[in-house]
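A.B. asks: The lines below spell out each chain.
Number of protein chains: 2
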Amino acid sequence: MSTAPYNIIGTRPPRHDGADKVTGRAIYGADFQINGLLHGAVLRSPHAHARIESVDTSRAAAYPGVVAIVTADDFPQTPDRIVDLGEGETPLSYVRGNVLAKGKVLYQGHAVAAVAATSPHAAEQAAKLIDVRYTPLPCVLTAPEGMAPGASKLHEQENVTHHIQHAIGDADAAFQQAAIVVEREFHTATVHQGYIEPHAATALWNNDGRVQIWCSTQGSFVVRDVVSCLLDLPVSQVKVTPTEIGGGFGGKIPVYIEPVAALLSRRSGRPVRIVMNRRDVFEGSGPTPGSFIRVKLGADAEGRFIAARAHLAYEAGAYPGGMVGPGTMCVFAAYDIPNVAIDGYDVLVNKPSTAAYRAPGATNAAFATESVVDELARQLKIDPLELRLRNASREGTRRADGPKFRRIGCVEVLEAMKAHPHYSAPLGAASHAAAKRGRGTAIGYWFNIGLPSSCVISVNADGTVNLIEGSTDIGGTRTSIAMQAAEVLGIPVADVHPAVVDTDTIGYTGVTGGSRTTYATGWAAHDAAKDVIRLMTERAAKIWQADDVQFANGIFRSGNNQLTFAELAAKLTETGGPVVGQASVNPKAAGGSFAGVIADVEVDVETGKVTILRFTSIQDAGRAIHPSYVEGQMQGGSVQGIGWALNEEYWMSPDGRMVNSTLLDYRMPTILDVPPIDTQIVEVPNPAHPFGVRGVGEANIVPPPAALANAIHDALGIRMSRLPMNPPSIVAELAKQ
Amino acid sequence: MSTAPYNIIGTRPPRHDGADKVTGRAIYGADFQINGLLHGAVLRSPHAHARIESVDTSRAAAYPGVVAIVTADDFPQTPDRIVDLGEGETPLSYVRGNVLAKGKVLYQGHAVAAVAATSPHAAEQAAKLIDVRYTPLPCVLTAPEGMAPGASKLHEQENVTHHIQHAIGDADAAFQQAAIVVEREFHTATVHQGYIEPHAATALWNNDGRVQIWCSTQGSFVVRDVVSCLLDLPVSQVKVTPTEIGGGFGGKIPVYIEPVAALLSRRSGRPVRIVMNRRDVFEGSGPTPGSFIRVKLGADAEGRFIAARAHLAYEAGAYPGGMVGPGTMCVFAAYDIPNVAIDGYDVLVNKPSTAAYRAPGATNAAFATESVVDELARQLKIDPLELRLRNASREGTRRADGPKFRRIGCVEVLEAMKAHPHYSAPLGAASHAAAKRGRGTAIGYWFNIGLPSSCVISVNADGTVNLIEGSTDIGGTRTSIAMQAAEVLGIPVADVHPAVVDTDTIGYTGVTGGSRTTYATGWAAHDAAKDVIRLMTERAAKIWQADDVQFANGIFRSGNNQLTFAELAAKLTETGGPVVGQASVNPKAAGGSFAGVIADVEVDVETGKVTILRFTSIQDAGRAIHPSYVEGQMQGGSVQGIGWALNEEYWMSPDGRMVNSTLLDYRMPTILDVPPIDTQIVEVPNPAHPFGVRGVGEANIVPPPAALANAIHDALGIRMSRLPMNPPSIVAELAKQ
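Residue numbers (the numbering used here), protein chains in the order written: chain A, 11 to 747; chain B, 11 to 747.
These are computed hints drawn from the structure, not numbers from a lab.
Since the structure is predicted, the reported quantities are computational estimates derived from the model, not experimental observations.
Be a bit skeptical, because a hint or two may be false.
Pairs involving identical chains hold if they fit within one copy or between any two copies, as the list cannot separate such chains.
Only pairs whose alpha carbons sit at most 25 Å apart, straight line, appear in this in silico PhoX-like list of lysine-lysine [said to hold, decoys possible]:
#1 552 / 306
#2 540 / 428
#3 428 / 112
#4 163 / 114
#5 31 / 114
#6 138 / 163
#7 112 / 391
#8 163 / 540
#9 138 / 391
#10 306 / 598
#11 619 / 540
#12 552 / 540
#13 163 / 746
#14 581 / 598
#15 414 / 391
#16 306 / 138
#17 581 / 428
#18 31 / 112
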């Protein structure tokens, strides 16, 4: 790692919030306390698709302890209009309708009404007493079903809400020239982010008209935007305080219960808390889409990719705005291909409205592309990493969706994979006669995002600083942000006290998502620290009556005068008062990140069980601010990728009910399912960021399913085309042979 | 009022925190909730002066529910040194000793030990089981007693801890030249600020070594400074969150229970809350000093004051650092006298360490001076306001304590008093035969202070702004600060959302005291708003590609282009991200304020009861940002001045026990005791402040006792020389005639 120029960047200090988190002191969504609290419960639809004929709340209202009941009619009935709440333009009625159904329910678990009562039990019991009469309607559950002629429609509009097309060159003509063409179809399952903490929110509609929200969210300002929009309030009438968050992975960007709690608070005049249970989370929050993908790739005799075509049909869930867009951006992003045609379809189905999930849409796409690349390599008898290197995207490569790559680390990641001891290590003998071993590789891309961030740094008299920012800390970003400030200030990172504050206290800050927090909020911290140094330089100049004060390595100097940061910090009051630096950014030049996986598996051919023997994740971090956190992201993304490669799926009954909505039945990997995951950080600094940071939270989930599919193929000679690749599906595939 | 140039300044908008306060939602010190909370109780000394022979906590420790017990030995035993924690230099051992007594108790109510238990009752019961063996010592209870030869000493040092001397000219020689000399002696009682909310604090010594405090305080950063000093931690290891505060008046600047709660938290590993009761407040917190004052004033035949001498002996209480210093600065501040000699004595007595109380020290002094001035006026047969005008301080007048007055409003206040209809209105006939009526006047001065303040303003997309600051809001300062920002930003004050935040979130901000908050934090808000306009002007320039953008009256303009503040606010994200302005100040040029009172009384000569018939308070506000709040301060100061004029006093037994430590026996004025108080704001802008603000919180308490004494003299012909002027003392004085 090229951390030579830095004192703090690249080190591994303890996290500032560590003690609170390991001692149980951190306040998560459901922990928040406030006097007079009522408890909310949400009544959810048992049907995947039905007309709501009537809602009778009288029995519920009579239940002891019930204070308020709300339905969709309690929202301000502002006329429908197109709004952009941070996830693209969409009708207001859709945003509102997903929070509380109106007229129709569109998925099992769709919220219909809510109750506030003096105890959680009373609220739950009363919710069950709300009489809703439904007329069930036919449902569609997959993208191909939704696209089929005559399919049942969820809304007035067609089920295909967006058809995205990207093209460069002439793919059809180029395929004619190809020495070899492989075309395959793939299916991926609907999977959930599976964050450990269910959604939890408390709302207080105050007597002064302002609404306060305390909740577990990836973006307090997004909650502010959505809640103010749905309640028809100016954004400044809503104050959102983010609690600690027990994971999100994209699934805690959408807003579900916050506006409902607010409506209940307005009705009751008291604060109301709603806490989801796991079933609510599975059925009432947004999973990532299942998909159907067809990928066709043509190469010349030397293995040079000359043509590519992709058809991506992704489930949108019950409302438009699914994850197919990023899928189309990432499906061929790793390769420099002159002729490409991509069609992406966002398809309404009777499942929860889909949400982001760690590089949303890219994992599905990479499963397809990287399986096809692997097959091409085998047919061409070229080492699969060599084949990828021969075609790898690099600075200047133009993507089919438009942009030209700036400096990226695709080649460096592939070279690191090739050079890694894992890649050349022997696979070893299978553990028993019915077992076979194989090795697979794959790479993946995620573009990362910018968005606004704000940071304010106040200097304490003891030479430390307090840093406030608005990015929910999911993966240690308090510390990775503090480190960037400390680097500039020339002080130990323990001397920076970072705090995540509410929306009244800091400038607009985008979501913790898109791998942007260390990148963008860290950038704001860097700039705010520079602002502090500028102001302190002025103070030193005042003290010394000098105009040539320089700051370097934590020391202010002019001639023979010098003061350390801490020494000058002690003199601020007398020289003009406190020093507070601030900066806001809205960077556009997020640096995309490539990640690669080498995976060894052993498959039991009798049971179809896949055991992962060795797993290596390699990723370009740009600059690894805190390598442990980068490694943690790589391991976390790997485990999740393994989960949806091998086990995870929404198991739906034909009438659209999820039949495995518990963590016992929805099979996420446990510590027994995954081996230790080796990591190797590649650093190809992002030239647009002051420290070279790229986002590292997402690209790592992209390659695992493809790498495992390729490893299974290596072991068994079968090409799995459907996720999850669980034992029954492997046994079934083997049976076809 | 000269508010013509302003849109917001001088208006009377609703307060931002009003709804929370009238609906009971505001969180005061005792309301704060946190999981795992323990309750603390403090054991206090029953003796005014005693040696602590032994402390045995074993019985208390065995009491059910007790989790921790602490004494002074639990403080880090750092060597004694001189510290300055915002109230002048003092030995660390004194600060520590006042929080928990070590070796000796110095006043009844002195904290000796504390218990944390699972319920408040258990903590109180257990505290009583701590066995402390005392050897009582002789006590001194007044300043003259403390100064007497052979008086019992509280500390190693002499009871007179400071002898302050100010002089200009040659007072002795000048008295020889005087046509008339009046010299009188006065006594004032120890009185308490009587804030409605007793002290309350919660502390959590966290596992990461940081201490968090939530408390009712006038200065969160002072609490941070004191707690960190006593616990031997860097200031940044302590985070103080100020709750709402139910009054302070200076009495919530000192720190009492916060370090004790922190020690109990360290011992118990849990958060600990301590809440004082009213008796604790009277006996264990700092009242303002009783005093003995001798004032001698000489005038020439035309009533021109040519010589003045004052002897001020103030109770320090149990530790040095009493309020005599400001007394010496204010005693003759209203008058331009060429020859002055002032001696001030800070005298240790066995009462609680005194604290600031609204213009601390000045009310005592003005009672003396203004009584003597009134007597001179009568002897010279000059109208008392005319006599004062003839001698009034004005710009350029040098005070005996050194500084030369900048632009002040002493003359303007006196002229407003003279012109006020009250001054020429007939007194009316007494209500019964045994009643007599009289009118009195007096003026008073308070210098006000500066100190650091910090402010950060973030712009919302809806054209509003969020403003954070660190000044506890006692008298509506959220709004008076927000108004100054709104004036600069050209937006309605309701569009500024002010919040008082914790010490981790804002730059160092001094106490809400010294009438500084609207002045200094308002100044920071003004500057931060200017910073916002600077940044937004840059954005407008970027949008229009123009370098001539001007901002006026809420509109940015360049050529034919224009954008309102709100319109531009909606365009910030796309033009570079959030706009956040900040400013910090540490102003030295606080503008002193003069206040005058005209009071009519009727005295029942049989009972001695004084009924106030009419009361007019007139004060120079510099610039009245929010006139209602200025009037509120004037009325509040008047009521408190009436209280210590007529009724309030610490009634002490000879062995130093307070015998009236309840609000039933310590007789504060109720609504039945005071008439409506008329106010008239004078505005002589402070040239050093961007809006001309002076402080208005204090000068108004200074004249009432003297004005009432002068009114009583006018009614009865007796000169009251001792506060309070309660019925028995008036009857006694009448009996002497």
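A.B. asks: List in ascending order the numbers of the hints, as given earlier, that are violated by the structure.
C.D. replies: Result: hints 1, 2, 3, 5, 6, 7, 8, 9, 10, 11, 13, 15, 16, 17 and 18 break, sorted rising.
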